[in-house]
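Colleague: Residues per chain are reported as follows:
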Amino acid sequence: MTDVSSNAEAGAIAPASAPWSIRMRDVTVRYPNGVVALNRVTLDIEAGEMVSVVGLSGSGKSSMIRTINGLVPITSGSLEVGGRHLESLRGRELRRLRGEIGMIFQSFNLARRTSVLNNVLVGRLAHTPTWRTLLGLYLSDDKQIAFEALDSVGILAKAYDRASTLSGGQQQRVAIARALAQQPKLVLADEPVASLDPPTAIGVMGDLRRINHELGITVLTNLHLLDLARQYGTRLIGLRAGEVVYDGPAATASDEVFENIYGRSIEHEDVLGA
Amino acid sequence: MTDLELPPRPRGRWKPWFALAVIVVITAITLSPQLGIAFSFDAIARNWQNGANKIFAMLQPDWAFFPRTIPPLLETLEMAVIATFVGSAISLPLCLWAARLTNPNRWGRGILRTILNIVRSIPDLLYASVLVAMVGVGALPGIIALLLFNIGIIVKMVSETIEANDAGPLEAGKAAGGTQLQINRAIALTDAAPSFINQTLYVLELNVRASTVLGLVGAGGLGLLIDAVRTFYRYDQLSLIILEILIVVVIIDSVSDAIRRRLV
Numbered sequence: 001m002t003d004v005s006s007n008a009e010a011g012a013i014a015p016a017s018a019p020w021s022i023r024m025r026d027v028t029v030r031y032p033n034g035v036v037a038l039n040r041v042t043l044d045i046e047a048g049e050m051v052s053v054v055g056l057s058g059s060g061k062s063s064m065i066r067t068i069n070g071l072v073p074i075t076s077g078s079l080e081v082g083g084r085h086l087e088s089l090r091g092r093e094l095r096r097l098r099g100e101i102g103m104i105f106q107s108f109n110l111a112r113r114t115s116v117l118n119n120v121l122v123g124r125l126a127h128t129p130t131w132r133t134l135l136g137l138y139l140s141d142d143k144q145i146a147f148e149a150l151d152s153v154g155i156l157a158k159a160y161d162r163a164s165t166l167s168g169g170q171q172q173r174v175a176i177a178r179a180l181a182q183q184p185k186l187v188l189a190d191e192p193v194a195s196l197d198p199p200t201a202i203g204v205m206g207d208l209r210r211i212n213h214e215l216g217i218t219v220l221t222n223l224h225l226l227d228l229a230r231q232y233g234t235r236l237i238g239l240r241a242g243e244v245v246y247d248g249p250a251a252t253a254s255d256e257v258f259e260n261i262y263g264r265s266i267e268h269e270d271v272l273g274a
Numbered sequence: 001m002t003d004l005e006l007p008p009r010p011r012g013r014w015k016p017w018f019a020l021a022v023i024v025v026i027t028a029i030t031l032s033p034q035l036g037i038a039f040s041f042d043a044i045a046r047n048w049q050n051g052a053n054k055i056f057a058m059l060q061p062d063w064a065f066f067p068r069t070i071p072p073l074l075e076t077l078e079m080a081v082i083a084t085f086v087g088s089a090i091s092l093p094l095c096l097w098a099a100r101l102t103n104p105n106r107w108g109r110g111i112l113r114t115i116l117n118i119v120r121s122i123p124d125l126l127y128a129s130v131l132v133a134m135v136g137v138g139a140l141p142g143i144i145a146l147l148l149f150n151i152g153i154i155v156k157m158v159s160e161t162i163e164a165n166d167a168g169p170l171e172a173g174k175a176a177g178g179t180q181l182q183i184n185r186a187i188a189l190t191d192a193a194p195s196f197i198n199q200t201l202y203v204l205e206l207n208v209r210a211s212t213v214l215g216l217v218g219a220g221g222l223g224l225l226i227d228a229v230r231t232f233y234r235y236d237q238l239s240l241i242i243l244e245i246l247i248v249v250v251i252i253d254s255v256s257d258a259i260r261r262r263l264v
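Protein sequence lines correspond, in order, to chains E and A. The first sequence maps to residues 1 to 274 in my numbering. The second sequence maps to residues 1 to 264 in my numbering.
Since the hints were derived computationally from the structure, they do not count as laboratory data. It cannot be assumed that every hint is accurate.
As the list claims (entries may be wrong) - In silico contact screen, one side only, chain E against chain A (beta carbon under 7 Å); selected entries:
1. 99
2. 103
3. 114
4. 182
5. 273
Don't be surprised by glycine CBs; every beta carbon is placed ideally from N, CA and C.
All chains should be built: construct the whole structure from the sequences, respecting the hints.
Modeller: If you want it as structure tokens, here you go:
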């Protein structure tokens with residue numbers, strides 16, 4: 001447990017054995033208050049893709065990401081994640097599926113009063129019997145995975161610090177480590193850099209790209225900044241009012257494409273510009 | 001000065017004045033001899049001599065009585081500590097059970113909250129007097145009475161803090177595939193810890209005060225002794241007991257204050 005770096009080379013954070021694909025067919029999400037977040041969305045996301053999802057707030061991009069790991073139930077249509085039909089999964093099976101999908105949030109969502117290590121170990125919950133969690137007895141293998149995940153985002157030294165004492169960028173890295181500790185087949189990131197300053201944002205986007213390049217994990221990132229979406233995605237999906245209005249390569253997407261997605265002209269705040 | 005186009009004045013500015021008028025009317029009605037409790041200071045004016053004698057007696061504590069107060073004082077403290085410890089241990093899972101964020105099951109939550117509302121609405125002295133009849137005179141009915149009282153307070157206060165906490169970290173646990181129980185233990189509990197410790201310390205203070213009077217109905221501790229000396233009009237001994245309670249309460253208050261300050 002002491003010599004983490006050599007273990008990391010041995011490959012406990014191994015490339016995803018088989019990254020997951022996503023098949024959405026006519027997926028509609030209607031919230032109880034009547035708001036239609038997704039309107040008959042049909043999409044195929046292949047295993048190992050790095051996808052940027054862009055759209056204004058309220059366009060349904062957050063709902064789409066939450067639908068993919070079952071945090072938001074779909075109203076109609078069919079959604080297949082990693083070969084399993086999400087709409088038919090309940091209880092234990094749904095939790096097992098979520099256990100394979102890492103999720104990163106805009107506001108980091110760390111338990112602020114506990115250690116960085118304990119936060120990363122949350123990524124092992126799906127693989128831990130409940131009695132172990134209740135007693136706080138984590139397996140040393142799980143701790144090893146957590147240390148390696150922290151090492152891979154460069155903040156292993158902070159393992160025993162309280163989460164609330166870290167800077168925003170460091171907290172988001174802890175959140176990425178938490179997702180990595182799940183040894184995920186798919187990573188979903190919901191506006192991962194919207195609370196960060198530009199240099200930190202670029203660092204965090206770099207981490208996400210590394211997850212995709214080096215580990216081969218499928219990564220879906222919600223963004224509202226067009227330069228980040230172009231630079232860090234290989235594919236761009238544009239959402240407006242719950243419908244897919246663009247689906248194509250990210251790097252060559254012109255400003256006109258973004259103006260079409262946003263339904264207005266490009267403004268200063270749509271670009272990170274660092 | 002230019003003519004500014006002011007926004008329309010908000011309506012309803014009479015509301016505070018109306019509320020004040022309602023309070024004054026209610027107070028007047030409750031004080032009136034026909035409808036209310038006919039409260040007045042007459043009794044003090046008529047019996048002031050009586051009161052002055054007792055205060056005079058109380059100003060001269062019977063220090064020789066001190067050794068006899070030690071065992072009941074210790075019993076009172078033991079009751080308070082045991083009730084706080086067991087009460088908070090029972091409360092901890094119930095706090096998580098009673099909050100929406102940590103228990104999505106509306107029915108389970110509703111049932112628990114209803115039971116707790118009933119438990120909390122009954123005063124501890126009433127519990128003690130019924131329990132004395134059920135299990136006999138002594139510390140046990142006092143401890144059980146304090147326990148019920150403590151659970152009511154801790155669960156209400158802590159579950160309300162949990163509701164106000166950020167739901168994001170819990171959602172992260174859910175997204176990672178944890179069960180509700182795992183999420184509650186690994187995430188919700190750490191966020192709820194300061195509020196839980198705070199309430200437990202507060203309840204300890206309350207228990208020390210409450211357990212001194214529970215004995216008046218036979219539930220052990222100093223109260224039994226207070227009842228005895230009061231019956232024999234020994235106000236000099238009573239004042240010694242009051243002095244001891246005062247010192248103990250001040251000590252407990254300052255210790256729990258010190259702990260609380262370290263906590264934040």
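Colleague: Now tell me, hint by hint, if it's right for this structure.
Modeller: Hint-by-hint comparison with the structure:
1. 99: Residue 99 of chain E check passes; min Cβ-Cβ to chain A is 3 Å, inside 7 Å.
2. 103: At 4 Å from the nearest chain A Cβ, residue 103 of chain E passes the 7 Å test, so the hint holds.
3. 114: At 4 Å from the nearest chain A Cβ, residue 114 of chain E passes the 7 Å test, so the hint holds.
4. 182: Status holds, d = 6 Å.
5. 273: Not OK, violated: residue 273 of chain E not within 7 Å of chain A, min 28 Å.
Hint compliance for this structure: hint 5 is the single one not met.
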